[in-house]
Structures are given as C-alpha cells and as structure tokens.
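Student: Start from chain A and add chains B and C according to the hints.
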Amino acid sequence: MDLTEAVLITIVTASTPLLLAAIGELVVERAGVLNLGVEGMMIVGAVAAFAAAYGTGSATLGILSGALAGVALSLLFALFAVLIATNQVATGLALTLFGLGLAGLIGEPFVGKPGLRLDALPIPGLSAIPVIGPAFFTRDVLVYLSFILVVGVSLFLARSRAGLVLRAVGENPEAAQNLGYRVRLIRIAAVAFGGACSGLAGAHLSLAYTPQWAEGMTGGRGWIALALVVFATWMPSRVFLGAYFFGAIAILQLHAQAVGLGLPSQAMTALPYIATIIALVLLSRDAILLRRHTPAALGRPYVPVR
Amino acid sequence: MTVESATSAETTTGADAPAKGLAPRVAMRAIAKSFGSVRALTGVDLTVMPGEIHALLGENGAGKSTLVKILYGALKPDSGSVEFDGERIADVSPAAARSRGIVMVFQHFSLFEALSVAENIALALPGRRADTALSEEIRTISRRYGLAVEPEASVAELDVGARQRVELLRCLMQDPRLLILDEPTSVLTPQEADKLFEVLRRLSAEGCSILYITHRLEEVRQLCSGATILRRGAFIAHVDPKAETVASLARAMVGSDVPVIAEERVSERSEIALSVRDLSLPRPGLFGVALKDVSLDLHAGEIVAIAGVAGNGQRELFDALSGEQPVGSGVLFLDEVDIGTRGIAARRRAGLALVPEERNGHAAVPGLALGENIVLTRHGRTDGTVGNGVVRFSAARRLAARIREAFDVRAGEGDPPAGSLSGGNLQKFVVGREIDRKPRVLVVNQPTWGVDARAANEIRAALIALARQGSAVLVISQDLDEVFDIADRIAVMADGRLSEPQPRHDMTREAVGRLMTAGEEAEDAA
Amino acid sequence: MRLEVSLRGERGLLLDTLSALVALAVTVAIAGLIFAALGADPLAGLHAFFLSPLLDAWSLQEVAVKAAPLILIGLGLSLCYRANVWNIGAEGQFTAGALLGSVPAVLFPDWQGPLVLPAMLILGMVGGMAYAAIPAFLKVRFRANEILTSLMLAYVALLVLDYLVRGPWRDPMGFNFPESRLFTGDQRLLRLVEGTRLHAGLLLVVAAVPLVWFVTRYTLAGFSLRVIGEAPRAGAFAGFSRARITYAVFAACGALAGLAGILEIAGTVGQLRPVISPGYGFAAIIVAFLGRLSPLGVAMAGLVLAVSYIGAEAAQVSIGVSDKVARVIQGTLLFSVLACDALARYRLRLVTTPAGAPAAGE
Numbered sequence: 001m002d003l004t005e006a007v008l009i010t011i012v013t014a015s016t017p018l019l020l021a022a023i024g025e026l027v028v029e030r031a032g033v034l035n036l037g038v039e040g041m042m043i044v045g046a047v048a049a050f051a052a053a054y055g056t057g058s059a060t061l062g063i064l065s066g067a068l069a070g071v072a073l074s075l076l077f078a079l080f081a082v083l084i085a086t087n088q089v090a091t092g093l094a095l096t097l098f099g100l101g102l103a104g105l106i107g108e109p110f111v112g113k114p115g116l117r118l119d120a121l122p123i124p125g126l127s128a129i130p131v132i133g134p135a136f137f138t139r140d141v142l143v144y145l146s147f148i149l150v151v152g153v154s155l156f157l158a159r160s161r162a163g164l165v166l167r168a169v170g171e172n173p174e175a176a177q178n179l180g181y182r183v184r185l186i187r188i189a190a191v192a193f194g195g196a197c198s199g200l201a202g203a204h205l206s207l208a209y210t211p212q213w214a215e216g217m218t219g220g221r222g223w224i225a226l227a228l229v230v231f232a233t234w235m236p237s238r239v240f241l242g243a244y245f246f247g248a249i250a251i252l253q254l255h256a257q258a259v260g261l262g263l264p265s266q267a268m269t270a271l272p273y274i275a276t277i278i279a280l281v282l283l284s285r286d287a288i289l290l291r292r293h294t295p296a297a298l299g300r301p302y303v304p305v306r
Numbered sequence: 001m002t003v004e005s006a007t008s009a010e011t012t013t014g015a016d017a018p019a020k021g022l023a024p025r026v027a028m029r030a031i032a033k034s035f036g037s038v039r040a041l042t043g044v045d046l047t048v049m050p051g052e053i054h055a056l057l058g059e060n061g062a063g064k065s066t067l068v069k070i071l072y073g074a075l076k077p078d079s080g081s082v083e084f085d086g087e088r089i090a091d092v093s094p095a096a097a098r099s100r101g102i103v104m105v106f107q108h109f110s111l112f113e114a115l116s117v118a119e120n121i122a123l124a125l126p127g128r129r130a131d132t133a134l135s136e137e138i139r140t141i142s143r144r145y146g147l148a149v150e151p152e153a154s155v156a157e158l159d160v161g162a163r164q165r166v167e168l169l170r171c172l173m174q175d176p177r178l179l180i181l182d183e184p185t186s187v188l189t190p191q192e193a194d195k196l197f198e199v200l201r202r203l204s205a206e207g208c209s210i211l212y213i214t215h216r217l218e219e220v221r222q223l224c225s226g227a228t229i230l231r232r233g234a235f236i237a238h239v240d241p242k243a244e245t246v247a248s249l250a251r252a253m254v255g256s257d258v259p260v261i262a263e264e265r266v267s268e269r270s271e272i273a274l275s276v277r278d279l280s281l282p283r284p285g286l287f288g289v290a291l292k293d294v295s296l297d298l299h300a301g302e303i304v305a306i307a308g309v310a311g312n313g314q315r316e317l318f319d320a321l322s323g324e325q326p327v328g329s330g331v332l333f334l335d336e337v338d339i340g341t342r343g344i345a346a347r348r349r350a351g352l353a354l355v356p357e358e359r360n361g362h363a364a365v366p367g368l369a370l371g372e373n374i375v376l377t378r379h380g381r382t383d384g385t386v387g388n389g390v391v392r393f394s395a396a397r398r399l400a401a402r403i404r405e406a407f408d409v410r411a412g413e414g415d416p417p418a419g420s421l422s423g424g425n426l427q428k429f430v431v432g433r434e435i436d437r438k439p440r441v442l443v444v445n446q447p448t449w450g451v452d453a454r455a456a457n458e459i460r461a462a463l464i465a466l467a468r469q470g471s472a473v474l475v476i477s478q479d480l481d482e483v484f485d486i487a488d489r490i491a492v493m494a495d496g497r498l499s500e501p502q503p504r505h506d507m508t509r510e511a512v513g514r515l516m517t518a519g520e521e522a523e524d525a526a
Numbered sequence: 001m002r003l004e005v006s007l008r009g010e011r012g013l014l015l016d017t018l019s020a021l022v023a024l025a026v027t028v029a030i031a032g033l034i035f036a037a038l039g040a041d042p043l044a045g046l047h048a049f050f051l052s053p054l055l056d057a058w059s060l061q062e063v064a065v066k067a068a069p070l071i072l073i074g075l076g077l078s079l080c081y082r083a084n085v086w087n088i089g090a091e092g093q094f095t096a097g098a099l100l101g102s103v104p105a106v107l108f109p110d111w112q113g114p115l116v117l118p119a120m121l122i123l124g125m126v127g128g129m130a131y132a133a134i135p136a137f138l139k140v141r142f143r144a145n146e147i148l149t150s151l152m153l154a155y156v157a158l159l160v161l162d163y164l165v166r167g168p169w170r171d172p173m174g175f176n177f178p179e180s181r182l183f184t185g186d187q188r189l190l191r192l193v194e195g196t197r198l199h200a201g202l203l204l205v206v207a208a209v210p211l212v213w214f215v216t217r218y219t220l221a222g223f224s225l226r227v228i229g230e231a232p233r234a235g236a237f238a239g240f241s242r243a244r245i246t247y248a249v250f251a252a253c254g255a256l257a258g259l260a261g262i263l264e265i266a267g268t269v270g271q272l273r274p275v276i277s278p279g280y281g282f283a284a285i286i287v288a289f290l291g292r293l294s295p296l297g298v299a300m301a302g303l304v305l306a307v308s309y310i311g312a313e314a315a316q317v318s319i320g321v322s323d324k325v326a327r328v329i330q331g332t333l334l335f336s337v338l339a340c341d342a343l344a345r346y347r348l349r350l351v352t353t354p355a356g357a358p359a360a361g362e
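If you're matching them up, the sequences are chains A, B and C in order.
Numbering of the first sequence is given in this note's numbering, commencing with residue 1 and proceeding in unit increments.
Numbering of the second sequence is given in this note's numbering, commencing with residue 1 and proceeding in unit increments.
Numbering of the third sequence is given in this note's numbering, commencing with residue 1 and proceeding in unit increments.
FYI, nobody ran anything at the bench for these hints, they're computed from the structure.
Glycine residues also receive a C-beta, built at the ideal position from the N, C-alpha and C atoms.
Any given hint might turn out to be false.
[Stated by the list, open to error] Now the stretches of chain A that chain C is said to cover, found in silico as 3 or more residues with beta-carbon under 8 Å:
# : stretch
1 : 22-29
2 : 88-98
3 : 104-118
4 : 144-151
The shape of chain A in the complex, shown without the other chains:
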C-alpha cells in the first residue's frame, strides 16, 4: 500500500460523515426548512451508534440506532419548527445545544471503552482496481450508502414527481397548499430524512472514523455540513465534491502535522474551519448565483390558513 492509496482511503473515511449529513440537510433545505441542529443530531447519532454496538456487539444495530436517534431528534425539531412554527434558526440552535448535552450525558459511561469497527465489504471486481479499488470499493456499508444517497437524492429531486412536490413546497408553500399538498407533512418527512442522514453520519464517526466515543467528537462537522449545502448551491453532485474537498483538507492537515511543517498543530486543526469561511465567502460573493438556487421559502415559518 503506497502513500497515495493510504491518503485516499483516509480521505474517503473523513468525507463520508460530511457527505451523509450534507446530503440529508440538502433535502431538508430544498423543502424550505433550515435545520441548524445537524451537529446535535450527528453527535447523538454517534453516541447512540457506539452504545448500541458496544452493548450488543452488532455493528448493524449500531448503525440502525444511530439513524433512529437522528430521526428522533429531528422529529423534536419538526414538532417545534414545522408544527408550531417556532423560529427555525433558534430551534436549530436549541437542537444542537440539547444534542451536545444529551450525547455527553449518555456517553459518559462509554468514554475510553474500545469500540466496534465496521467491516469492509469489498465489491467484487471494482475492489481490484488499483488505488481506486481499496479507497472506494473496499469499504464499509455507510460509505456505499453515501454514494447511493447522492445518486438517489439527485434523481429524486430532478426526475420524480415526489421530488418535484418537495421542491414546490420549499419554493412557495402557500401555492403548494392551494394545489392541495400537505405542506407540513412533506416538510416533516424531509426533516426526518435529514435526521436519519445526520444520525448515520454520527454512526460513521464512532464506528469507522475513530471507533470510540469521545465527548464533542463531531468537532463542528455538522456545521461544516451545513456550510457545504450552501457551498454546493443546493445541488447533490456539488455536495459530493464539497464533502470530498473538505475531507481532503481534514486529512491533509493531519498528514502535515505528522510531517511537521513547523506550524503549530492548532493552526492545522483550524484549517477546516478557516477553509469553510473562505469557501462561504467565495460563494456568497456571487449574489445572483446564490439567489437563483436558494429555495425561496428557506427558513420562513409556514402557518397554513384555515
């Protein structure tokens, strides 16, 4: 295994949680809902997945429990932000603060415990391709799922009727209601999907990236995923590119620390955060591009008239 291959493998590992969380949030935002609670859902997903896998010895149960924990938290968000129309920004912040606290509390007994690592499932044929094979096709189930989700969400939004309805709801909920669509139900479903994806992202962190539980182990990845959705102008294929770009930065800074460029390690650790700011600035400069792609009703509370 040469260095390129090793680096590529770790980049895929680091990118997968970002990709999972961002693709989920993309669907939520295309339905017109801004859920800033990604970080909270992700970390609860991480601790739930770790605890379940540790307790039962089954990685599958770990993954399921991570996804379910994400869904549970997202439904809490939906209850507030969608059903009783609270301010979405504030509710998302509440979810993050609550999730970070809850995960810390649940995870306390698991600190320092050895975790389970997801098995690699080589895909016959593809896994034999040099370099690419080991990096992309000799991986765990969540890596494959992240690829499937990018393609699936992409097709869903562009081709399916349900995807069209979801976009309509994010564009003009009042008009969608006039056409007889159940706006809040559709939005709750989207939020729950986003929760599941964030939970899976957390599960990948605690079952594959670093198979252990540590408080605050998401380290702002939920927020980077949120930035990725903006960065990708709400398009699934660009979310994929963005997630891999940030995954690469995270890994390269680790390698740079190992090599020792004479820079303090904290400067390297700060790199993904600074890269996020720079990416946001570069993208946001183009107001017209952003406006063309932003779901028109994003973040606006919707109260149906009866």
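Tutor: Same frame as chain A, but now just chains B and C:
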C-alpha cells in the same frame, strides 16, 4: 371524501336562479365565516349556472376572497351549505374541489418561480411528471386557446401577462367545470384583457362556468350574464349586469353614491421641481427590470401619473427616485440640485416625500405602533421627534394623532400597531404621514392598491389638494381609472422605458394601451 | 386529528413574562423526568439542581459570579437577535477578549498601578469587538452567512487560546502545566467583599443592564435596529443602513462578550488556561431568548442559567448524577422558551374532527 345527494328540489333552485329545472353548477347558501372576532361573511348566497359567466362584485374587504376560498376548499365555512351540480358538498379541501373541476386563477400569482412552466402545470395534475408528453399536451392546448406559452421556460423569466397565461393554461388542463378568476385584468393591458375575454367566452360556450371577481364594472357589463354583489361580508343583491349601469352597480357595491372627484381643474404649471434626465439602470438582480433612458420633468403644482402594467420598471423607478437604489450623479435633480448620490434620508431633507407600493413591511412596520411608525420617515432634525439621538416618542405619538385626525384614519384606541389597521386606513396613514410634511415633491407608487373605494377617493382628493398647494406629485399607478381621474399629465411605463408625458385631455385609454405594449412591438420589429 | 395554528394579536409584557415563567415551569417538570430516567429521586434532584444553589451564601456568590458573563454576553446577543443578525460565535468573542485583555498581565508581568486594569478591560472589549467585526465584515461585504462564519471563528479562537497557553504564553515557572502565569496585584479585580469570590466586575454588569435598556428603548439607534430586525425594507426606507447596524450590533456584542472574557480571567480565574469557559457563549444564546431579548429579562435569565451550572454541581455531589445533565436541561429550557413564545404568538388548536367536517346549518 363524502358527497351527499341534495335532499329536495327547493334546496337546489333558489328564487332567483336563472333557469328553473336545470341544476346550478354552484349553489352556496347562507355561508358564514369568522376569523377570530372578525365576521368576514354572514349569510351569503351565490348561484352560478352551467356555462354562465358570473361576476362577484364588492369592495376590498367585502368578503369576495373569503367566499371564493370556501368554494375552492382553502377555507372552511362556519355554517351554510355548498352544492355543486346538485350535490351537497360535505367535504371541503383544495384537492376535493379540484377533483370536482373547480379551478382558480389567483390574484396573487401562485406559481413556483424557480420551476419551469411544465413543472408548474404537472404539480396541478395528479400523478403527472414534467416529461415530453406533458410538454406536447401543453403546446396543443396553448394553440387551441391562443395562449402562447413555452413549456420549458422558467417562470421566473416570464412577465406578468405570460404568468397569467400559465395559470390559465394550468386550469384549462384540469378540464374545469368551474373556473374562478380573481381580478385577472389588473395585470393586463387593455389589449391583453380583450384576448382573455375571448378565451373566457369560448370556455363558457363549451359549458364551463366562470366566476369572475373584479371591481372593474365596465368589464362586468361587457362579459357577464349575472352578478352577485357583496358588501361588508353580507349578500346585497343578485343582478343582471347588462340591465344595470356602471353607476348603479357602484352604488350597490359601496352602499351610497361614490363622490366623483371635481372634474375641471386649472393646472398652473410653474417651475420644474423634480427632473429625471436619461436615467438608465441595469436589471437589479434576477427578477427586476432595467430602466432605459427615463426622462421626466415634474413641475410644481401638477400631478403626473405613470400608467403601465406592473413589472415594467415601476418599482425600479420608485427605488431609484427614493434613493433605495443608488443612481449616481447627473441624472436626478430636485430644484436644480443634484440629489442622485444622496441616500433616502438626505433626499427627504431636500424635500422629497415617498409612499412605496407595499404598506406592510415597507412603508410601515406592522408590529410597531403608529407613533413609532411616524419615526420611520420623520426622524430628521427638523421633525421634532428626535433630539440628541434620543427618540421623543411622545412627540411622535402627538404627530400620529394629528395625522389620524386630519386624514380620518380609523384605528383602535390609544396607539395601536400598524398591522391592526385595515388596508385603507393604513394607506391613509402612510400617505398622510408624507403629506403632513408639506413636501416639495411627493412620489407615490400605487396609492390606492387594495384600498376600499371611500378611502381611495379620500387619498386621491388629498393628492390633488397637495398639488394645488404647490407641491409636485408623481403617481405611479396600474389603475387606469385612477390615472385619468387625478393626473394633469400622463406617461406610460413599458419595459423599463417611460413615454413622454401628455396632457390628460390629449390621451385616450386606447392610446395608453398602445403605449403599454410599445416595448413588445419594438422587440417584435427588431 | 390535526394541529391548527393561527396568529394571535399583539403581545404584551404580561404575556412575555408569563410565557417565560411557563417555559421555566415546563423545564422543571422535564428536568424531574430526566432525573428519574437517570435513576435518581426526582424531587431530591430538583431540590439540588434548582433550589440548593439559592440556599447558602457560598452558592449564591457562585451564582452571581457565573451569571456575570452570561448576562453580559446575553445582552450583546439580544441586540444582535433584535436586529435579525444571528451571531452565535460569542464564545469566540469571549475568548478573544480574554486573550487580548490578558496581554498586559502576561507580556508585562511587572506592570502594576492604577492603569493596568483599565487597560486590560479596554483591551478585552477591543479584542471581542475586533473578533466580532470579522463575521460582520464578511456578511456586509460578501453576504457570507454570519451563523456559520461566527461559529467557525469560535472554534478558531479556542484553538488560538489552546496554542498560546501551551506555547508562547505558558508560565515558565508552571511545571509545564498548560497555563499562563498567575495575574497578580493590580492585574486582578478587587473583591467587593473580602473573603468572597464577588469581584468588582459585577458592578460593570449591574451598570450594563440599564445602559443597554436605555439604548434599545429610547435612542434612534436602538429604534433602528428594531425596525431593521422586524422589516428590513422598512428600515431601508427609513434611511437606516443595514450594513452599519450589522457592524454596530456585532461590535456591541463583541465588546460585551470580550469584557465578560477579561472579567472572567482577571476576576475569577486569575490566569489563562486551555478551557476558560464552560460554554458561556453558547449558554448565553439561551439567556437571550429566555430573557425575551429585553435587558431586564436577560438579567433574570442569566441568573437562571447560572443556577443551572451550580445546581448541576450540587446534584452531582448530593445525588450522584453527572453534571453533564446541566447542558441537557439548558437545551430543554431553550426548547420550552421557543415553544411558549410560539404559543404566545399563535393560537394553537387541536382539531379532533376529521378534516373537512360537514358545516353546520340547514
């Protein structure tokens, strides 16, 4: 979804139903609806026969929209019954209404801007996707009714007329049995309106009933064979509009004679107060209109009205005049002083007063009290509401009280929030707030949009009085009646260009209509 | 069965206060459930968590000391949120203030005298302000979302602190502990009462509350940020500059958070450490909302949140639940506040009849 059969003959045929024996397409009986403590409808009846073009008349706030929303299933009545083709409708929802063939063209467009025409139409057709088959169907129907529409176009790029064609087409593709149109001609040129009437007559001949909501009474006399009149949520009359005059219809709507604005006025033109010289601005953002070589001299003591269909650059012109959009030097002068580089507050200090189109959230903050809303445009040094950076809210409240008194603004006790006022009263308040300053120049965008007839007349009279006192007044309005009522000179805005203002007596509606489409013709010729 | 929402009329002070109190009550009830779920006696837990901090002098001092940064930052955030500016990086501004404010004490350890403390406090405010100016600039100039930029900068600030206390600012006499040297003499805030932890910085907090109240209630600047927050177009129409207000609220919040940071160091901790805040910058978001974005409310809410920190420690000692329960209860509190706020604004009705029941009549 449950449908009960009508129980007896007398529930289906009212005394004034036009044809006995034939079940009406729609029969609404004794409909009542309240929103909190506000009674929007009390005991309203409405009957529309198959193939009939029926007008629903009433002022703003008379309850037309509420009644129609009930029919369409978007609102549920508190009491009363709705029958469709003789069947009692027990279940009210937009989906159920649409499955019966009740479709509606909304006044405020209900299209999805970021989606294509075909996607917009697919959303209204159960189970359909925006594929090539649908596009083909759209083209077929659009040819049949002469509604030119490109299925692949994005709605965001269409002008208002084209958007209305999309809405209409979307309705036609649902095989409508009852088509509801809410103020459809308010966004159309007279020529476009005539085309719309042709389509509607053709639909009516095919057996589709049409419920036509408008306040343009001449249209009703031309087009409709029956009319139901509402006033303050109550049923007033069911009439044959062809047997009525415009004046008699207006009287029934308003409940009393509508005062006519004093006709002949001597306009004494004096020096130029506001001058716009070759103002060109690029398209602001995605959905705006570029301004092209707009020039205008506004004299003290006169009212110039700018007519035109919405979305032809009126909003952009207003923003440029107000200073919300910077214009640079050399294009905008107030009393010979170049104000183009100044911000809105500095322009106010120079004597400019402004009333934007949107009352809530632009001219006023709905959540703030009237006294606080005064401060929005009256925080200059000479206004007396601010001293040393501290707001004198008591002085602002006194000012608000004075304006309420002078302009007969009816609002709750004390100092109520702006959002609690009716459209007409809030508009009188924001117009009054500016007139009270005795400005050198007043620019008003859509002064009476969505305002009841009485308040509209009061506002127009106040604008005329202001001009008589020597101020220059620029009115931007879509309402041709209003334009001809109050203007000394009339200009027309089309596709970001402004025509040369002409004295009102030299203008006709036809001429204005031709100017409204001038931009399109120029493009066609090119 | 479905939930119907309709807008209620105006909201008043009474409704605001009532809904905050209801939110608090709901949180207490949920906290009881949490204690039960953790296998503790709920009543003992609630007593330890919410009451015991108020029952002895030592705990009351601690509540006051913890409330100080929460109130200062909460005041700053309330200004931002009123103007619809979503600064959530106050933790970073707090840290930046602590760092720049510590410069005199760390780099000039022998500097004593009446000027050193004012210099530290001013530098603290400048540090917080300058750090808050970054997301403000990025928002005004490039329209970059301030939620994300301010939060990312918070992470960066914490890393800078970590670097400094482990690297260049580490105390040479400190046995390699990652800590700066101890601040001494005039570099420390005076004690209000000898033998307590109450420091003179608390007076600044007491002064800040009425000051912010006056600015928001009576000045044109305060009025303009309310208008911009509620209706940006109306604000532009009034001639208020959105850019200037964005800078102003970020700067004000940064200054208050920076002041909180240096007060915490010079008043309570006495030196820089890798962790100087138990998440004050984030908890202050809850303070701002619980306080209804009003200065007096923020003062009350700051005390409530301070109680939750002290109470969690008490609960750990007395009934053996983890003190991490504090953040769960704080999160619950924010949810309750938002829900009660929505309930005060909207009328909610649970409709149990099937959709589209037959209308009455005939």
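Student: Work down the list of hints and note, for each, if the structure agrees.
Tutor: Each hint, compared with the structure:
no.: 1; hint: 22-29; in the structure: violated (count 0)
no.: 2; hint: 88-98; in the structure: holds (count 8)
no.: 3; hint: 104-118; in the structure: holds (count 3)
no.: 4; hint: 144-151; in the structure: violated (count 0)
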